[in-house]
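Enquirer: Listed below are the residues making up each chain.
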Amino acid sequence: MSKTFLVLGVSAGVISTFVSFLFAYFFNQNLFNFSNVLPYWKIVSVDFTLALTSAGVYYGITFISKIYSKIIFNSLFALCSIVSVLMPITAKLEGIEFPEFYPTFALPLYMFFSVIFLALSSIFIKDEK
Amino acid sequence: MKKIVISILYFGLLGLSTSIALMPSDHFIVSEKGHTIDFKSKDPSGTFDQIKGEFDFDENNVSSSKFYFKIDVNSINTGNGMMNKKSQTEEWFDAKKYPDIKFKSTKVEKKENELLITGELTIKGITKTYTIPTSYSKSGDKISLKGKFKVNRIEFKVGKKSEAVPDFMNISFVVPADKK
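Here the protein sequences come in this chain order: V and Y.
Every number in the numbering used here is 176 more than the matching position in the first sequence, counting from 1.
Every number in the numbering used here is 19 more than the matching position in the second sequence, counting from 1.
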């Protein structure tokens with residue numbers, strides 16, 4: 177593991193956690209409270225795990241192929257992001273108030289992480305020419 | 020050497036965040052089957068067949084627990100079809116306007132082996148504070164709540180005061196739930 181990828185993972189984790197936490201807090205306070213279904217500590221830990229795993233995978237791909245690492249990783253990352261969107265949509269929540277609004281709450285949380293990670297990776301990881 | 024330190028740091032952080040992310044929260048969802056909500060009085064008696072709900076329950080920190088239940092008024096079953104229909108009219112539960120009976124906890128205490136769940140009980144749009152003594156039994160990822168309490172139907176404007184139907188209804192419940 178190189179320092180660049182570790183810093184990328186930690187930075188993406190910190191920033192996406194901060195943004196997601198703020199969003200979840202305001203959503204729970206002002207719209208519908210889903211803090212029982214998705215507590216804050218879960219948002220923080222999942223964001224950090226995703227950021228560190230993504231950084232690790234990116235490092236692994238770069239290790240194998242420096243030239244094509246960006247295109248391979250970005251394609252894989254985009255595919256995973258799209259597939260992950262299905263999770264909150266298909267989630268069956270019984271016995272809570274307004275379950276139909278859960279995707280409205282959960283979907284931006286996935287997007288925040290993806291957008292922040294991709295934005296930071298283009299800053300941290302230089303193109304191989 | 021530097022790479023080894025960075026790798027250890029990386030896997031340490033990843034292990035920590037993954038173990039927290041995968042940690043089960045003590046969040047329970049009421050099972051679709053196996054629950055009973057009975058009401059008994061001199062006349063009438065019956066059950067509500069449908070309840071939905073969720074709760075956070077930590078045996079070691081009960082004060083942080085939160086309970087939420089919703090009973091479908093239309094699922095009332097008195098064993099008499101005519102009476103079931105009558106109970107949904109405006110005079111009784113007014114099921115069209117108020118399809119659910121709701122309970123939301125505001126305070127949970129532990130007294131010996133029993134929980135005292137205080138919360139807001141809403142029937143027919145009227146909310147009153149009730150404390151419900153509840154016992155529980157846990158087995159793996161399953162929990163069952165059991166309890167009895169009395170409800171004054173007049174407080175909630177469910178029917179009118181009469182000699183035929185007593186004011187107080189004895190409610191008993193068994194609510195199984197699964198950890199999510």
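Among the clues, some could well be false.
[Claimed, not checked] For each label pair, taking beta carbons as the anchor points, the in silico distance ranges come out as:
| hint | chain 1 | residue 1 | chain 2 | residue 2 | range |
| --- | --- | --- | --- | --- | --- |
| 1 | V | THR266 | Y | LYS129 | 36 to 42 Å |
| 2 | V | ALA295 | Y | LYS169 | 14 to 20 Å |
| 3 | V | TRP217 | Y | LYS176 | 30 to 36 Å |
[Stated by the list, open to error] Chain Y is faced by these chain V residues, among others (derived, beta-carbon under 8 Å):
| hint | residue |
| --- | --- |
| 4 | LEU207 |
| 5 | ASN209 |
| 6 | SER221 |
| 7 | VAL222 |
| 8 | THR229 |
Rather than coming from a laboratory, the hints here were simulated on the basis of the structure.
Idealized CB from N, CA, C, for every residue including glycine.
Enquirer: It remains to establish, for every hint, whether it holds in the given structure.
Expert: To see whether the hints hold, each was checked on the structure:
no.: 1; hint: THR266(V) x LYS129(Y): 36 to 42 Å; in the structure: holds, 38 Å
no.: 2; hint: ALA295(V) x LYS169(Y): 14 to 20 Å; in the structure: violated, 60 Å
no.: 3; hint: TRP217(V) x LYS176(Y): 30 to 36 Å; in the structure: violated, 42 Å
no.: 4; hint: LEU207; in the structure: violated, 17 Å
no.: 5; hint: ASN209; in the structure: violated, 10 Å
no.: 6; hint: SER221; in the structure: holds, 4 Å
no.: 7; hint: VAL222; in the structure: holds, 5 Å
no.: 8; hint: THR229; in the structure: holds, 7 Å
Checked against the numbered hints given earlier, this structure breaks hints 2, 3, 4 and 5; the rest are met.
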